[in-house]
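Undergrad: Based on the provided sequences and hints, a complete structural model is requested.
If you're matching them up, the sequences are chains A and B in order.
1210 is the number of the first residue of the first sequence in the working numbering; add one for each residue after it.
62 is the number of the first residue of the second sequence in the working numbering; add one for each residue after it.
Keep in mind the hints are simulated off the structure, nothing from the lab.
Be aware that a few hints might be false.
Here are the simulated DSS-like pairs of lysine-lysine, each with C-alpha atoms no more than 27 Å apart in a straight line [stated by the list, open to error]:
1. A/Lys1502 x B/Lys238
2. A/Lys1281 x B/Lys180
3. A/Lys1513 x B/Lys180
4. A/Lys1507 x B/Lys180
5. B/Lys253 x A/Lys1502
6. B/Lys264 x A/Lys1425
7. A/Lys1513 x B/Lys304
8. B/Lys327 x A/Lys1502
9. A/Lys1513 x B/Lys238
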Amino acid sequence: MKTSFLCSRVFPMDEARFYPTKVFVTKDSENLLLTRKVLENTRHLPVEFIADSRELIEDVLLSRDPVGEGKKLLLVTHQRGEYVKPCPCTPQYIGCNYFIINTELNCPLDCSYCILQLYMNNPLITIHANTSQLYTQLDDFLKKNRNRPFRIGTGELGDSLALDHLTGRSSELISYFAEHPNVLFELKTKTVNIQNVLAHKPPGNIVIAWSLNSAKIAGEEEMGAPPVHDRVQAAHLVSQAGYRVGFHFDPLIYYEGWEDGYGEVIENMLAQIDRKKIAWISLGSLRFPPALKPVILKRFPQTKIIYDEFIPGKDGKLRYPKTLRLRLFQRIVKDLEKAGGGKIPVYLCMESRDIWMDAQKKAPRGKREVEKLLTLPLGANENDF
Amino acid sequence: MKLLDIPLDDINLQDERFRFSYFFDLEKMLISIKKIGLVNPLMAVKREGSKYVIVCGWKRVLACRELSLAYVPVYLLDEQDDRRVFFLSLYENWAVRNFNILEKSEIIHKLNGFIGDEKKIVREFFPLLGIPVNLSYFDIYLRIAQLDPVWKKIIFKKKFPLSSIQLLTDFTREDRKLLLPFVLSLNVNKMKQFCEDLFELSKKTGDSPKILLSAPEILSVSQSENLSSLQKAERVRSLMRTKRYPTLSSWKKSFDTSLKKARLSKDVAFDSASFFEDGEFSVTFSLHDKEDFRKRLFKLQELVADEDLFSLFKSFSDG
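TA: As structure tokens, this is what we get:
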């Protein structure tokens, strides 16, 4: 209660929280508990009940900026496909054996580099309200994997906490995964929407993670996201409350002065957070499918991040040349060590073994080894393979 | 609808209200009309001033004019509503052939004039035209319709894909004029690369294409009297690539320099296919027989002693 109060004092939540201009509910989801909760939390907004979402989606897809238009509307509907999936990672690079839960789709934040801008089947902010199917699927999945530790999280196709004031989903998931100690469950966010998290007693296997960037990149490229300083402050509150936290420096973006930009964030992060509470830090350099370039150009004409020198990687995505990626990774690793974070498990997202080796002087043989490193109890690992 | 033989002079060729095809290869049509006459009549309506306006058959009428025919067979339509006549023309053509990008752009431009409701046009006609049902494509095609005829002609002749045309429309009309002499000799892919590099460099540096194309090193190429237009275009393209990708270009240059120093036989190719990404290089050579193979291997073995050449491996793979 005390931290919740502190949280609301520190962050002007209501200003930062997302509210759509209109809520659409498909008829098949009308009477679901989560739908009622969302409607209660958006009672000041217009609501329309629709038989089918296809026409609505087609209408948004017709617009000049379907991604931008979709971010204004909230759709509450059924998840028709699988809730739980292995993280697709990218071909030819080392994965981390992560599993994803697709509770929500799309994100009210508007980051210029976001790959979701390419997934145009449904551009609306979508909440999947059929939670009984979610937990049935999770039960089955966890039963099959009960004998090994692994990581799973939301936040792949949307921000884990950006809609939490509407859904309260974090509390449910935290309670659920508290009963499954072999699983490290991660909520990944750029927001400071942590009131529900703070209201919960923190189980040891829950990781609240923030995506961080330099203040310059966050300010210029992550529209609608809180400043990095606020994100670190939110992480501080959450770790103080007893949670493990994680950080994702992804995408690392090259610009003049990047060394100082990222250095400051790392310094601030490790000044505020007890490193023993940090479950992991991931690093990933800016990468994107070539098809995203014209989308970024159109939606963010002021951005310069796509005009650097990129090469097509083994997976077809454009990425910085190896030397530049290495400079980014090596510098971050060095800054972490300098600031006393040398023992925090660091992993590279979508990179090859030789880059791992050059960046950290050690490399996993495959995704199982990465998984092993990241699922060891806090402080038990030597950050080694 | 009546079938008439009308004097060619009675057709108002200035009235293009139903026209959406502007670029034709008349050669085959001319041969066919010369051999067997115009078998398939035109379609026309009568409008102001008692002149006939072509609905379908622009290619045929232009061929007839080229052959100086006095009369042409015409189906005269009674329809007075221009919008309905345009739909007739559109569907009549749609049923028998595919439209090219320029035709699609002209159709959308005309539909915009006849209907005016962009969402209706996108919803009803884009599936017909094979265009994604999205308003941004409406904008793209309207921009294409507004390109200068000189560019449309190049687009038609070189069969530009939509992505290349889109790139062109990202430039201002003035910039496109400047671009013309630089790209005229290039093939479609190279032209696209050049335009892309110029556009991105302009975005990156904040300098206009005009400023970038007036750089001394570019002017010295474009004003050279010793180079052909193709040579000029190629050199300017290469200069632009170097400016857009300075690091990768410098690597390529030092790679090429080292290979040159190694004095490899011309039929041995060293290559780094993956932009020096994985530190791997490939060597390819051809051979005729066992003896040829032995000689080739012997020569390659001599290369192992070439420290300069192998310093390449270290510099690129170490980063």
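Undergrad: Please work out if A/Lys1513 and B/Lys180 have their alpha carbons no farther apart than 27 Å.
TA: Status violated; Cα separation ~32 Å.
Undergrad: Is the Cα-Cα distance between A/Lys1281 and B/Lys180 27 Å or less?
TA: Within the cut-off at roughly 20 Å; holds.
Undergrad: Holds or violated: A/Lys1507 with B/Lys180, Cα cutoff 27 Å?
TA: holds (20 Å)
Undergrad: Are the Cα positions of B/Lys253 and A/Lys1502 separated by 27 Å at most?
TA: Measuring from Cα to Cα gives roughly 15 Å; hence the hint holds.
Undergrad: Going straight from one Cα to the other, do A/Lys1513 and B/Lys304 come out at no more than 27 Å?
TA: Roughly 16 Å separates the two Cα atoms, so the pair holds.
Undergrad: Measure nothing beyond the straight line between the CA atoms of B/Lys264 and A/Lys1425; if it is 27 Å or shorter, mark the hint as holding.
TA: holds (19 Å)
Undergrad: Take a quick look at whether A/Lys1502 and B/Lys238 sit within 27 Å of each other, Cα to Cα.
TA: Holds, at about 26 Å.
Undergrad: Would you mind confirming whether the straight-line C-alpha gap from A/Lys1513 to B/Lys238 stays at or under 27 Å?
TA: holds (26 Å)
Undergrad: Straight-line Cα separation of B/Lys327 and A/Lys1502 no greater than 27 Å?
TA: violated (38 Å)
Going down the numbered hints, you'll see the structure goes against 3, 8, while the others check out.
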